[in-house]
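Protein sequences, first through last, are from chains W and F.
Sequential numbering from 1 applies to the first sequence in the working numbering.
Sequential numbering from 1001 applies to the second sequence in the working numbering.
Each hint should be verified, as a subset may be incorrect.
[Unchecked claim] No more than 30 Å apart at the CA atoms, straight line, and that leaves these computed lysine-lysine pairs for DSBU-like:
1. W:Lys21 <-> F:Lys1108
2. W:Lys4 <-> F:Lys1139
3. W:Lys4 <-> F:Lys1082
4. W:Lys21 <-> F:Lys1139
5. F:Lys1108 <-> W:Lys92
6. F:Lys1131 <-> W:Lys18
7. W:Lys4 <-> F:Lys1137
8. F:Lys1118 <-> W:Lys18
9. F:Lys1118 <-> W:Lys92
10. W:Lys4 <-> F:Lys1118
11. F:Lys1269 <-> W:Lys92
12. F:Lys1108 <-> W:Lys4
13. F:Lys1215 <-> W:Lys10
14. F:Lys1137 <-> W:Lys18
15. F:Lys1215 <-> W:Lys92
16. W:Lys92 <-> F:Lys1082
17. W:Lys18 <-> F:Lys1034
18. F:Lys1215 <-> W:Lys4
19. W:Lys10 <-> F:Lys1082
20. F:Lys1233 <-> F:Lys1034
21. W:Lys10 <-> F:Lys1252
22. W:Lys18 <-> F:Lys1252
23. F:Lys1233 <-> F:Lys1252
24. F:Lys1235 <-> W:Lys92
Keep in mind that the hints were calculated from the coordinates and are not lab data.
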Amino acid sequence: MIEKVLIITKKEILENIKSVKYWAIVGLFVLLYLSSTYAIGFALRGLGQQGIQRRERVVLTLSSQVANTMSYIAPLIGIALGFGAVAAERDKGTIRLVLARPIYRDALINGKVIAAFILIVLAVLASTLIAVPLAISVQGVNVTLDDFTRLVFVTVPASLLALAYYTMALFVSVNAGRSSQALVVSLSMWIFFSFILPIISSFIAFQILGPPPAMPFNATRPFQPGQGSRQFAEYYGKYSQIVNTIQIMSPNARYTSLINALFALRQSGSYETLTSSLGARWLDVVVLLFYIAAFAIPSYVLFLRRQETR
Amino acid sequence: MGEYVIETQDLVKVYKDRSGVVKALDGVSLKVPKAVLFGLFGPNGSGKTTLISILVGLQLPTSGSAQVLGFDCVRESIEVRKRVGLLPENYGFYESMTAYENLEYLGKLDGIPVQELKRRIPEVLELVGLKEWINSKVKSFSRGMTQRLALAQALLKDPEILLLDEPTLGLDPQGSTMFRKLMEEFVKSGKSVLISTHLLHELGYICTQAAFLRKGKLVAQGSIEELAKVYSKEKGYSYELLVAEDVELLVKELMKLEGVIHVSFENDKVRVRASEDISDELASLVGKFRVKAMVPISPTWDELYQFYQGGGWE
Ligand SMILES: Nc1ncnc2c1ncn2[C@@H]1O[C@H](COP(=O)(O)OP(=O)(O)OP(=O)(O)O)[C@@H](O)[C@H]1O
Ligand SMILES: [Mg+2]
């Protein structure tokens, strides 16, 4: 029966690769990435050279912007592939032609999940490999092999994030009456984790900590490290602790934290080793994998048990 | 497998939703013999689509059982689906794919080798009159063209049984003719077709056997002759005689026959209605009155439908 799964996988991949929707999201990533890095690179050039070298700054900016842009786009890739997976086939009625043939119901869902995995990795890779070299040449920086490896390695957490959203959307799709309904619910989840939860968590943090200490600020002189800024740092340490705790189960936050670890620079200006940065963030990986399993398994079970009425 | 290609025993399907409980099928025991065009007739909501969906395993029965070609529709659904071509009531194609690509995908899922499909797809598209549109995207298809394509996908694997739910919906007159010819040939090759419809005037006459569904119950099934017998017992028997001369004399004679209810005539045609079967008595008059022809008039599917649907079978 594996050949039936592969037939479905192949058709899903071809159908999506030929679709405008799929490439529109890749295009959106490239556009967002180029415009944001351009703006930031422009600002950095004006700042002169302080602390870390400009080269590192620009490289860090380029990579943190990959992460930042991906945290919005990767979920969209997952949702785009997932919301219609079952619901749209029901809407259109194609599912009745497919399931009237000698295939098991799990072949359909297996074929779709495998295709989605491939399409996600492909979209994330394509987005990164189109956008980053473009941005590098626009910024005119020298990128070391180490920098580039890290940049490409960003695609792994990004794929995990996209896959987490895919399985969420798939779960919604299996249970929804219509695909439009599935889209609305999936997008609501995205909006919740990307925009609402961060606002809620910082609101709660401010409620607990009270207003931040006054910042020693003098517009005519550069920023001086001293008494005031220690208080300030302490406050923000606590603040981010609270915010992180509230967002512990947010796939977006786990993704961002994983990425930050990947690009953490030592004092010397070189990166932590891959294993040590991942070792410190195993929880992030676990949470992302948990999302994938927590939605994939019930989607699977519910789909197998459903009947095609209507 | 017995003599029937489709058989159900006490099939029950209950839908539960927010608005309550619906008994879509209520103890249906259907028997469809081999090599016939079998009609599944019933008004909207009588359970036709539900019955067909259970046969191919798209839905599960609440109780009772069903077999197609001897395979159980629940436990051996895959075996059933290997042998059955379905045209569902509500279906759709992948709109961004061409007619060929759609059929290729579905054909592969049927288990047909790719080489075979290269030959078979143009062949079925030719049969349904879509050959010119083989490489057109389905989104450009009209309602009737889509319906033809749906028929093509059901025929693709050259199934042993066709299950067709409202197959002529949206077809133009040429399409309907094409459809009837296809079906007649299909049955001639020893295969069976189950057609669900309420369009009796359009599809009734190609069916030689039928079952009537009403509110989820099977009110009657059998060949048109068998069903007509029951009908005639209740509604009377009708005959038509073609006479060369002495029409009025014949009419007088006919009135005297026992069981005759009504006699009418027009030129050389005499119509008789009787409460019982009087074909023997009529045959004996044939010699006396130079009757050129004597035919019993069987009820049409439409009349049978009216009769069985309204006949108080609650
Ligand atoms: N998914 C469902 N949920 C609840 N009730 C349903 C569902 N599907 C069908 N029914 C009910 O079951 C009954 C039989 O429906 P079915 O579709 O089998 O009828 P049908 O004979 O095919 O009608 P039509 O001629 O309109 O196609 C109807 O009363 C219908 O309302
Ligand atoms: Mg129906």
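- Which numbered hints turn out to be false for this structure? Per hint list: 11, 13, 17, 18, 21, 22 and 24 violated.
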